[in-house]
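Between the sequences and the hints, there should be enough to build the whole structure, so can you do that?
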Amino acid sequence: MTTKTQKTTIVLAAMLVLSVGVTMLPNVLAAAGTVDSYYWHSNTDMCYSESSLDNLDFEDATGNGNDVITEMEKSRSMWNVEMNGVTINGHGLFSCFFNHIDVQSEAQDGAGGDFAYEFSYFSGSTMSQSEIRFDSDDGWGGNSNRCTLGDIDVEWVMNHEMGHGVGIRHHVHNPASSIMHDTCQGTLSALQTVDDTTIDINYP
Amino acid sequence: MMNKKLSIIPIVIASIAIGSFAMYNESQFIEGEVSILMYKHTLAELTEKAEYAIVGTVEKITPIRVDMPKESDEDRVYTDILINVKEDLFGKYQNKQISVRILGGETETMRLDSHSSPEFKVGGDVFVFVSGISDGYTYNGHHFVVGQVQGTYDLTNGIAKNQHTSDSIQASDLISQVKQVRGLQ
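For the protein sequence lines, the chains are Z and P, in the order given.
Going by this note's numbering, 120 is the number at position 120 of the first sequence; the sequence numbering is gapless.
Going by this note's numbering, 1053 is the number at position 53 of the second sequence; the sequence numbering is gapless.
Everything labelled a hint here was simulated from the structure, so no lab data went into it.
Not one of these hints is a red herring.
When the alpha-carbon atoms are kept at most 20 angstroms apart in a straight line, the in silico EDC-like pairs for lysine to aspartate or glutamate are as follows:
id: 1; chain 1: P; residue 1: K1179; chain 2: P; residue 2: E1087
id: 2; chain 1: P; residue 1: K1092; chain 2: P; residue 2: E1051
id: 3; chain 1: P; residue 1: K1049; chain 2: Z; residue 2: D137
id: 4; chain 1: Z; residue 1: K74; chain 2: Z; residue 2: D196
id: 5; chain 1: P; residue 1: K1060; chain 2: P; residue 2: D1088
id: 6; chain 1: P; residue 1: K1161; chain 2: P; residue 2: E1119
id: 7; chain 1: P; residue 1: K1049; chain 2: Z; residue 2: D151
id: 8; chain 1: P; residue 1: K1040; chain 2: Z; residue 2: D137
id: 9; chain 1: P; residue 1: K1040; chain 2: Z; residue 2: D151
id: 10; chain 1: P; residue 1: K1179; chain 2: P; residue 2: E1051
Negatives, chain Z to chain P, calculated, CB over 10 angstroms:
id: 11; residue: D67
id: 12; residue: T70
id: 13; residue: S77
id: 14; residue: V81
id: 15; residue: G141
id: 16; residue: N145
id: 17; residue: D151
id: 18; residue: A190
Some chain P residues judged to face chain Z by a derived CB distance under 10 angstroms, without partners named:
id: 19; residue: I1030
id: 20; residue: E1031
id: 21; residue: L1037
id: 22; residue: K1070
id: 23; residue: V1146
id: 24; residue: Q1148
id: 25; residue: V1149
Quick reminder that beta carbons are idealized off the backbone N, C-alpha and C, glycines included.
Structure follows, in structure tokens:
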């Protein structure tokens, strides 16, 4: 028969294990790749928020962001071709495990501030998660080949942000030579020579 | 004998729990980087868009980790820059200090690198285009820098160097141009 002290010690140890487990559980689940299923839509490995795309204020008569999704899928196809089907951590490019694409309001800078953001997070030297955000407060347009207020080229920005999503950083030199320049260059609709070179270096 | 064996069990359980927790916390330093796609601003556009044009000296730099509201979003790091105000070129800001928040920074548990966010150092003299107080989630109650690196100049020995282009201009010429755009000169 155990003593009262031993019983108390066992109870305290069990409580400690339980509290640690409860603390760690959300992060364990996140690491396992679960997503907010009510928010993210996964379609053939593309991970985006349908509900938030409506907020991009893009020309779309149906109001469900279909035009934006179309641009997204075009960009993904382009990058997949350029990168010869490479996977990241065993998952396809822009899958829900790895990339999240949505639209949020970054209202602090108003219209004509920062158009879009890409957040990359790392596990060691390997990118483990990418979040792409479009700012709903800026005036977006179709394939305008422009970056003027109220008519920002969605195709260009999509190509640019997805470039970050595969680990390519800003190209800060000649703005006309790369779609990865840090300021909007709507006239470039495809990858340029310097972009191809960067991909070849990053993904030999 | 049985009591001795039973007395070891809670010690083992506790040791495993504490060790796991310690290892988990040790591995939780998060590293990330953010790329910001900016609208390309001219000096005139920055001048017209900004609420204030602050000339001052950096007093304090404070990073802060922010828990984002959506569960699937990773946390972010912002940094609050406290500037001792020498002058607002627009003549509107009257306080002696102003705090601007920038995206990126490093805390004890997370680092978020932002190459388009302006850089500041304590004691550095700066000229920076600043917004009014934001009411959004991440900048709530803070000012931010208009144009990111485009709207920030380092002042050294009368020379203003833009943090985006690295172009230098006489600080007096920069101030004059800004005031002209606003019709203050």
